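Undergrad: Chains as they are written, first to last, in our numbering: chain S, 1 to 517; chain P, 1001 to 1336.
Don't read these hints as lab results, they were simulated from the structure.
Note that the structure is predicted; figures quoted are calculated from it, not measured.
Honestly, I wouldn't trust all of these hints.
[Claimed, not checked] Cβ-to-Cβ under 7 Å is the rule here; a few derived chain P residues that face chain S: (1) 1184; (2) 1191; (3) 1194; (4) 1195; (5) 1198; (6) 1201; (7) 1202; (8) 1319.
[Unchecked claim] In the BS3-like style, the derived pairs of lysine-lysine whose C-alpha atoms are separated by at most 25 Å in a straight line are: (9) 130(S) to 94(S); (10) 1130(P) to 94(S); (11) 63(S) to 130(S); (12) 1208(P) to 79(S); (13) 1115(P) to 140(S); (14) 1184(P) to 125(S); (15) 140(S) to 1181(P); (16) 118(S) to 130(S); (17) 1319(P) to 140(S); (18) 149(S) to 1184(P); (19) 63(S) to 26(S); (20) 118(S) to 1184(P); (21) 184(S) to 125(S); (22) 94(S) to 1182(P); (23) 1184(P) to 94(S); (24) 1182(P) to 140(S); (25) 130(S) to 6(S); (26) 118(S) to 1319(P); (27) 1181(P) to 125(S); (28) 94(S) to 1181(P); (29) 149(S) to 1318(P); (30) 1181(P) to 149(S); (31) 1181(P) to 118(S); (32) 1184(P) to 79(S); (33) 338(S) to 374(S).
Glycine included, every Cβ here is placed at the ideal spot set by N, Cα and C.
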Amino acid sequence: MEQKQKQIAVEMRNITKTFGSVVANKDVDFITYKGEILSLLGENGSGKTTLMNMLSGIYFPDKGEILIKGEQVSIRSPKDAFENGIGMIHQHFKLVDIFTAVENVALAMNEKGKYSLKAVAARIKDICDKYGFDLDPEQKVYNMSVSQKQTLEIIKVLYRGADILILDEPTAVLTPQEAERLFKVIRNMRDDGKSIIIITHKLNEVLSVSDRVTILRKGELAGTVETKDATEMSLTEMMVGQKVDLDIERSEPVDPKPRLIVKNLTCKNADGISVLDNISFTANSGEVLGIAGISGCGQKELLEAIAGLQTAAPGSSITYYPEGSTKAKELIGKSPRKIRELGVALSFVPEDRLGMGLVGSMGMTENMMLRYYKRGKGIFADKKYSRKLANEIKEELEVVTPGIDTPIRNLSGGNVQKVLIGREIAATPSVLMTAYAVRGLDINTSLTIYHLLDEQKKKGVAVIFVGEDLDVLLAFADKIMVLCAGKVNGIVDARTATKAEIGLLMTNMREEETLNG
Amino acid sequence: MLSTVLSWIVRAILFGAVIMYGSLGETLTEKSGNMNLGTPGIMCIGGAFGFGCTYLYEMNIENPNPVLTIAIALFCAFFFSALAGMLFCFLTTTLRANQNVTGLAMTIFGTGLAKFFGTFIIPEGVVTVKATYANSLFCKTIPLDFGESTAAQIAEAFLCSHGFMLYLAIIIAVVMAFFLKKTKAGLNLRAVGENPATADAAGINVSKYKYLATSIGAGIAGLGGAYYILDYNYGGWSTGAAGGLQALGWLAVALVIFAVWRPINLIWGSFIFGLCYWLYNYIVVFGIKMTSAQSSLLEAVPYLVTIIVLIISSVHKKKENQPPSALGLAYFREER
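Using the sequences provided together with the hints, build the complete structure.
TA: See below:
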């Protein structure tokens, strides 16, 4: 009954892909039929994009086979993918800004015959009419909105005759209205017999637009279900999986007191869109506040706002309460240096270690000096203190380096992170913020980092820990604040919360009433 | 008075045409995203080899063939300059060396090579050698007489008081504009300079385009070098000539900016640069008398004009008038 002659468009069998020691995909089976919309669902780092990149020719699988319309193929480059009718629309658009839409489409076409932009424009018009796109072929790309650029990317792919379209998080940059328009076009394309794969982690979209859902978890296939049989809860459970016990030490908080109170914090980006929307929370001393959320939901901006690197909208307030004093200090509107001069000991381990945190071409000593450049007399720098500190960190944290003056970009990721955390901890902070502190690190180094942070917590530091692995957050943090699209979608106790509960908070904005109530 | 103005115009056009070759080459190169600051040096190479080969030819042959004389001069200038351009591209595209540093090194290398080469040609005890026959060919103007009226004389100064190289430069400019605007390869080339990652994803061979544009661009710039020696410098080669040529090369780089990367603009832009450059010599036209120190200062006018154009185009921020977005950046596919 189900099998009413559905033709298989793409089949991937036993696909495995590893990057160094990291397994991105393991024995994944994947099928798409002709004329369907398939959602590929999974958390960050679950291997969705990697899997699709193997279809679009960006990566080549280590193991496994790919069949297009029943025939085994080898896709080694984006060009091969095109020849097999596969087109992928990436999150970052590949367009030439000063070209018109037509010129972008005409780029590198291998059509025989005369080069005629008019003919290209006419075909673009046909495609637009057929599927209901709205695009002016003569418009320059730099004058286009994000949604128009996306439309152009889709048309580019269709123009080359693709009938299997992969869209990587297509709605991440769209307004709800634009997303609705996109879905309409996608449905038109499905009805025309094309296969559309949408990579996403937004459950409501999955449920409203797709026919089937394939779920990946930690690089492995967690299952495929018909959308009509799925609910948000069932999908979330498949997405996050069973709780895994990790051997992470977590001390009990001792005498927690409010250290940092954030109230109604709102930040807008350069386009005037709120990246943080009315955020309020309290970070206590001697506690680890975990922050969970799909990446890009305002985690980075939140930490930067506290560190004095983001401009907050009027009405926002970040108040700092020093140890053993009731004199509150307002941090909004102050530069990082002003904040430090206020006597607020703030340490920040940013996500971008070798960009924002450290300088790759400098040694450990000089990287220490980035924090202590004001020491020393007159115009002379005081290198002694930094050298001492670098040696201490090297000893205590067992940083593997040929010497403290070796450029740190030559060190491994784990050692770079040790240098950064060591430097930030050495400043005896009272608030320590870390963003994805263990990203890309092996398990032992990760445990070292958790241990270091736990030590800080015992000393009464308020630790703010932005993480991506829910198991780690549940095992390590005391409280977990979940961000969703720049808003606080809930603060839960890490000792009692479940993975599914957090997963739902991450992917699904709660109704306004329940939030306020 | 009129004769002074006329000679100013003729001088400006000749001067402009020389730097126009450099600018045409540099424009083509920059469209591929390569910023070749080695243009002054490459023009020196073109001048030295173009002059050298044709000089040796006319010295060793009883009755030099006019077509062959010109062909040897242009071919050698183009060929050796293109080789230098290819070297630049190898360093910056294949080895991904910094383009600015490589370009400056090319200028020093090219000027040095030209001077070194010159010492072989110049006999001991002589300062300048002359390729008289080649010079006479390059200087040959169109024998047309429009009459005695002022308008006719001005028209003559503009249209037919020049050697064939001026007309060739204008033809190259028009062809290049057509190539960039109207052909598929031109579209692909512009895409490479604007956004190599996009071009690569579209299946364009980025390195091939960079190599071709940079080599051909350098070759065109080299033609300007030969033109400078064989016409502007009256066919005379000396170590000092290489220095003068290098100074012109920098003006060529400035002219590319002045023309906002459009070959057609180079045609009138080079004329304005020529007028500005020779202003110090002809300022008496305006009834102003200057000391030599003051007039030296006037030689900086072309650069001032370039700075003003840069300021205006930066303030306007019109996307079409900006340099190719990926100008000066090495492209590396695996980098994200």
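Undergrad: Now tell me, hint by hint, if it's right for this structure.
TA: Evaluated hints:
1. Using the Cβ-Cβ criterion of 7 Å, the hint placing residue 1184(P) at the interface with chain S is satisfied: the shortest such distance is roughly 4 Å.
2. Here the hint on residue 1191(P) is kept, as its CB sits about 5 Å from the closest CB of chain S, short of 7 Å.
3. Satisfaction of the interface hint for residue 1194(P) is found here, the shortest Cβ-Cβ separation to chain S being roughly 5 Å, below the 7 Å cut-off.
4. Hint status for residue 1195(P) relative to chain S: holds, with the closest Cβ pair at about 5 Å, below 7 Å.
5. A distance limit of 7 Å between C-beta atoms decides the matter here; for residue 1198(P) the minimum to chain S is near 4 Å, and the interface restraint holds.
6. Below 7 Å, beta-carbon pairs count as interface contacts, and residue 1201(P) has one with chain S at about 5 Å; its hint therefore holds.
7. At about 4 Å, the closest approach between the beta carbon of residue 1202(P) and any beta carbon in chain S falls short of 7 Å, and the interface hint on this residue holds.
8. About 5 Å separates the beta-carbon of residue 1319(P) from the nearest beta-carbon of chain S, less than 7 Å, and the hint is met.
9. Of the supplied pair hints, the one linking residue 130(S) and residue 94(S) holds, its CA atoms being roughly 24 Å apart against a limit of 25 Å.
10. At roughly 55 Å between alpha-carbon atoms, residue 1130(P) and residue 94(S) are farther apart than 25 Å, so this suggested pair is violated.
11. In summary, the hint linking residue 63(S) to residue 130(S) is not supported, as the alpha carbons are separated by about 39 Å, beyond the 25 Å threshold.
12. Proximity of residue 1208(P) to residue 79(S) is assessed by CA-CA distance (about 17 Å); at most 25 Å being required, the pair is judged to hold.
13. The straight-line distance between the Cα atoms of residue 1115(P) and residue 140(S) is roughly 48 Å, outside the 25 Å bound, and the hint therefore fails.
14. Distance restraint check for residue 1184(P) and residue 125(S): the Cα-Cα separation of roughly 21 Å lies within the 25 Å cut-off, and the hinted pair is therefore satisfied.
15. The hinted pair formed by residue 140(S) and residue 1181(P) meets the criterion: a straight-line CA distance of about 15 Å does not exceed 25 Å.
16. With a CA separation close to 18 Å, the supplied pair residue 118(S) and residue 130(S) stays within the 25 Å bound.
17. In summary, the hint linking residue 1319(P) to residue 140(S) is supported, as the alpha carbons are separated by about 10 Å, within the 25 Å threshold.
18. For the suggested pair residue 149(S) and residue 1184(P), the alpha carbons sit about 22 Å apart, so the restraint of at most 25 Å is met.
19. Taking the CA atoms of residue 63(S) and residue 26(S), the gap is near 9 Å; set against the 25 Å cutoff, the hint holds.
20. Simply put, residue 118(S) and residue 1184(P) have alpha-carbon atoms about 13 Å apart, close enough for the 25 Å limit, and the pair holds.
21. Distance check on the hinted pair: residue 184(S) and residue 125(S) sit about 18 Å apart at the alpha-carbon level, within 25 Å; holds.
22. Taking the CA atoms of residue 94(S) and residue 1182(P), the gap is near 22 Å; set against the 25 Å cutoff, the hint holds.
23. This hinted pair checks out: residue 1184(P) and residue 94(S) have alpha carbons roughly 19 Å apart, not beyond 25 Å.
24. With a CA separation close to 17 Å, the supplied pair residue 1182(P) and residue 140(S) stays within the 25 Å bound.
25. For the proposed pair residue 130(S) and residue 6(S), the alpha carbon gap of about 24 Å is at most 25 Å, so the pair holds.
26. Taken as a hint, the residue 118(S) and residue 1319(P) pair is honoured in the structure, with Cα atoms around 23 Å apart against an allowance of 25 Å.
27. For the hint linking residue 1181(P) to residue 125(S), the alpha-carbon distance of about 22 Å falls within 25 Å, and the restraint holds.
28. With a C-alpha separation of about 21 Å, the suggested pairing of residue 94(S) with residue 1181(P) holds against the 25 Å cut-off.
29. For the suggested pair residue 149(S) and residue 1318(P), the alpha carbons sit about 20 Å apart, so the restraint of at most 25 Å is met.
30. Distance hint between residue 1181(P) and residue 149(S) is fulfilled; the C-alpha atoms sit about 23 Å from each other, no more than 25 Å.
31. At most 25 Å may separate the alpha-carbon atoms for a hinted pair to count; residue 1181(P) and residue 118(S) meet this at roughly 14 Å.
32. Under the criterion of a C-alpha separation no larger than 25 Å, the hint pairing residue 1184(P) with residue 79(S) is consistent with the structure, at around 19 Å.
33. Our distance criterion of 25 Å between C-alpha atoms is met by residue 338(S) and residue 374(S), whose separation comes to about 14 Å.
Hints 10, 11 and 13, counting from the list given before, are not met by this structure.
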